[in-house]
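Participant: Spelled out from the first residue to the last, the chains are:
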Amino acid sequence: MSLSEYLKDRFLEGTGARLLLLPALALIAIFVVFPVVWNVYVSLTNYALTGPRARIYGFIGLENYIRIFRDPSFYNTLRVSFLFTLFSAIIGQAFLGLGIALALRMREPEGILGKITRALKITASTLVFVAWIIPEVVAGYAWSAITSKGGLVSMLLGVNENIYVKYPFETIVVANVWRGTAFSMILFMAALEGIPQYIYEAAEIDGAGPWKRFRHIILPLISHAILVDFILITIWTYGVFTMPFMIVGPSGQGGPAQIWTLYVYYNAINVYEVAYAATAANIMFLIVLAMIIVYLRVMGFLRRWW
Amino acid sequence: MASVRLDHVTKIFPPKTIAVNDVSLEIKNGEFFILLGPSGCGKTTTLRMIAGLEKPTKGRVYIDDEDVTDLPPRKRDVAMVFQTYALYPHMKVYDNIAFPLKLRNMPKDEIDRKVKEVAKLLRIEELLDRYPKQLSGGQQQRVALARALVRHPRVWLMDEPLSNLDALLRVRMRAEIKRLQKELKITTIYVTHDQVEAMSMADRIAVMNKGRVLQVGSPREVYHKPKTLFVAGFIGTPPMNFIKTVFTIDKNEYVLSGQNFKIKLPRQLGELIETKKGLDKEVILGIRPEHIEVVEQPIEKNNIVEAEVYVVEPLGTETIINIKINDTIVKVKTVKEILLEPGAKIKVKIDPNKIYIFDPTTEEAII
Chain A
194 MSLSEYLKDR
204 FLEGTGARLL
214 LLPALALIAI
224 FVVFPVVWNV
234 YVSLTNYALT
244 GPRARIYGFI
254 GLENYIRIFR
264 DPSFYNTLRV
274 SFLFTLFSAI
284 IGQAFLGLGI
294 ALALRMREPE
304 GILGKITRAL
314 KITASTLVFV
324 AWIIPEVVAG
334 YAWSAITSKG
344 GLVSMLLGVN
354 ENIYVKYPFE
364 TIVVANVWRG
374 TAFSMILFMA
384 ALEGIPQYIY
394 EAAEIDGAGP
404 WKRFRHIILP
414 LISHAILVDF
424 ILITIWTYGV
434 FTMPFMIVGP
444 SGQGGPAQIW
454 TLYVYYNAIN
464 VYEVAYAATA
474 ANIMFLIVLA
484 MIIVYLRVMG
494 FLRRWW
Chain B
307 MASVRLDHVT
317 KIFPPKTIAV
327 NDVSLEIKNG
337 EFFILLGPSG
347 CGKTTTLRMI
357 AGLEKPTKGR
367 VYIDDEDVTD
377 LPPRKRDVAM
387 VFQTYALYPH
397 MKVYDNIAFP
407 LKLRNMPKDE
417 IDRKVKEVAK
427 LLRIEELLDR
437 YPKQLSGGQQ
447 QRVALARALV
457 RHPRVWLMDE
467 PLSNLDALLR
477 VRMRAEIKRL
487 QKELKITTIY
497 VTHDQVEAMS
507 MADRIAVMNK
517 GRVLQVGSPR
527 EVYHKPKTLF
537 VAGFIGTPPM
547 NFIKTVFTID
557 KNEYVLSGQN
567 FKIKLPRQLG
577 ELIETKKGLD
587 KEVILGIRPE
597 HIEVVEQPIE
607 KNNIVEAEVY
617 VVEPLGTETI
627 INIKINDTIV
637 KVKTVKEILL
647 EPGAKIKVKI
657 DPNKIYIFDP
667 TTEEAII
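Line order of the protein sequences matches chains A and B. So the mapping is simple: this note's numbering equals the position in the first sequence, first residue as 1, plus 193. So the mapping is simple: this note's numbering equals the position in the second sequence, first residue as 1, plus 306.
Looking at chain A on its own, in the form it has when it is part of the complex:
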């Protein structure tokens, strides 16, 4: 090895390698770290989007935080966000996803019935996938169209009104279930695939009917997948913005469908209170952070046990 080659090697191992990381680190700093830090700073000021406080603003300490904890609409947002996550992620996506995954694994009977079952399976899984891969804005627009007055849903329900106005919370829950079920379905399909066929057969011979097989064999064996699914979809659903925004808009202060992302949007864009919105975002950031810590803890725990 010549001297120049040796030097090149050393360079790539040490300083050089670090230099190569710089562009990526710079991008992360600009687009991830800086907004978080800036957001914390803004929440401690009285900065606004327009008006005099947009040009001249000052440090006001924890005033925004004190104000937000006295704001009933903030508590409404916490409650709506919690219920939205509970119904659309845990109850909707996870349970429906598991149900579809189990149904797709069902043995097909012989003959014409088997062909129908197979066709149904393919149709169902395709629809679920399509819901997942359509661009969010398109999906949101489609949902607002079918839930508007004279749209498909209002016709089916026989309600001659804008469904997304009359039932805004229910609408965004159903839309989000529709959109997100595919992830849970795929996760559970993979988990079920991991259970060898002979385990089911052994349970069948040991005397377990369908429910007992599910309860004693399937459920314990996919429990880790269920946990991972719960945590991931909770975090994701918690941060959903585009579809609900497309369907119900910022949803008015204290509205029944005002999840926290819409609350932040409303305060920053509709009433120009950027600093206040930043405060709300910071609190939500802490909640998500707590969830991620729980997630990582649970994962570590599972890795030790499985």
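Careful, some of the hints might be misleading.
[Said to hold, decoys possible] Partner residues are not named here, just some residues of chain A that face chain B (Cβ under 10 Å, in silico):
no., residue
1, Gly307
2, Ile398
3, Gly400
4, His409
5, Ser416
[To be verified] Straight line, CA to CA, 25 Å or less: simulated DSS-like cross-link-like pairs of lysine-lysine:
no., chain 1, residue 1, chain 2, residue 2
6, A, Lys314, B, Lys322
7, B, Lys420, B, Lys398
8, B, Lys420, A, Lys405
9, B, Lys651, B, Lys607
10, A, Lys405, B, Lys361
11, B, Lys381, B, Lys420
12, A, Lys405, B, Lys414
Hints in this document: simulated from the structure, not taken from any laboratory. Glycine included, every Cβ here is placed at the ideal spot set by N, Cα and C.
Starting from the known structure of chain A, arrange chain B on it as the hints suggest.
Facilitator: Frame of chain A, contents of chain B only:
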């Protein structure tokens, strides 16, 4: 304890793979019955139809004269040991064994008593607190046997339970399973492709090939009186040798005539072949390796075949000599210590009282 009967059972996997073709069997109460055949012969599918894991396309399955064809596995009261053991990975050994009893809502103290009893029988008492992944293959196998035994099923089904074990353990477990079966007198249907296993364990063997049962009989019967070329070639280690010959009369005596040898047949045997097959016909001569003898200085001229040594396989107590008779490789088993080099010319003697004769077209045994 029960008897099992298959009545013209056929299984076709769509579109048209015929896995089991018109199989009728009758397994007696308390019998150790083995389904033996090469892989893909339909033996496992047959077993799975008895278990209820597959539904026959045609035919009926009876346990104790009760038609169980349409019953799901859990209503048949059979137990099965899988090739992969199929232990529940999330349950401790104790719970694995107790699972079938729990499903039957048995009281806790009775479950405990039964689990401990069967654990003692299989000598796995000290493993009850472990998870399956903490066990060796042999231990897992015992747990699988315990789980199948604990509820005293009507029929015990085993699908190649020993094939995942190493050779030494396999021989030991073979004896153990046989002892258990004899002790408990549970009707047992056992699938294997290993003819040594079948010979050493079974009360009766059904030899299968291509979805059909070719012969059913005791190990002695299928060994000594194979009905077809396939059965003869499948049972015995090393397998039976087959040599093409012509059955004819030479100098007023019945002979099997090969390219450069003649085997004189006893009068009675010759007459039998003549009535069954006729004279001057091509037949296949079957002879087991242990019934060919290497002779250094032949005293008589009859039944001596000249051959060339092809390869020698010493196995310790015995030696397998592969010889070439014309273009056919023939295996000879001998316990004598013979030093032979490949290519050496030797003479072997075929015992005419130990031969089998097969029809080359139907592949069925003539005698």
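Participant: All hints, please: hold or fail.
Facilitator: Do the hints match the structure? See the list:
1. Restraint check, glycine 307 of chain A versus chain B: the minimum CB separation of about 9 Å is within 10 Å; hint holds.
2. Residue-level restraint check for isoleucine 398 of chain A holds (minimum Cβ-Cβ distance to chain B is 5 Å; threshold 10 Å).
3. The beta carbon of glycine 400 of chain A comes within 4 Å of a beta carbon in chain B, closer than 10 Å, and the hint placing it at the interface holds.
4. The beta carbon of histidine 409 of chain A is positioned within 10 Å of a beta carbon in chain B (closest approach about 7 Å), and the interface hint is therefore held.
5. Because the smallest distance between the Cβ of serine 416 of chain A and any Cβ of chain B comes to about 8 Å, under 10 Å, the interface hint for this residue holds.
6. As the CA atoms of lysine 314 of chain A and lysine 322 of chain B are separated by approximately 24 Å, the hinted pair is consistent with the 25 Å bound.
7. A C-alpha spacing of about 16 Å is found between lysine 420 of chain B and lysine 398 of chain B, which places the hinted pair at or below 25 Å, so the restraint holds.
8. Pair hint lysine 420 of chain B plus lysine 405 of chain A holds up; C-alpha atoms about 22 Å apart against a cutoff of 25 Å.
9. Distance check on the hinted pair: lysine 651 of chain B and lysine 607 of chain B sit about 17 Å apart at the alpha-carbon level, within 25 Å; holds.
10. Distance restraint check for lysine 405 of chain A and lysine 361 of chain B: the Cα-Cα separation of roughly 22 Å lies within the 25 Å cut-off, and the hinted pair is therefore satisfied.
11. For a cut-off of 25 Å, the pair hint linking lysine 381 of chain B to lysine 420 of chain B stands: about 21 Å separates their Cα positions.
12. Between lysine 405 of chain A and lysine 414 of chain B the CA atoms are separated by roughly 18 Å; this keeps the pair inside 25 Å, and the hint holds.
The structure agrees with every numbered hint stated previously.
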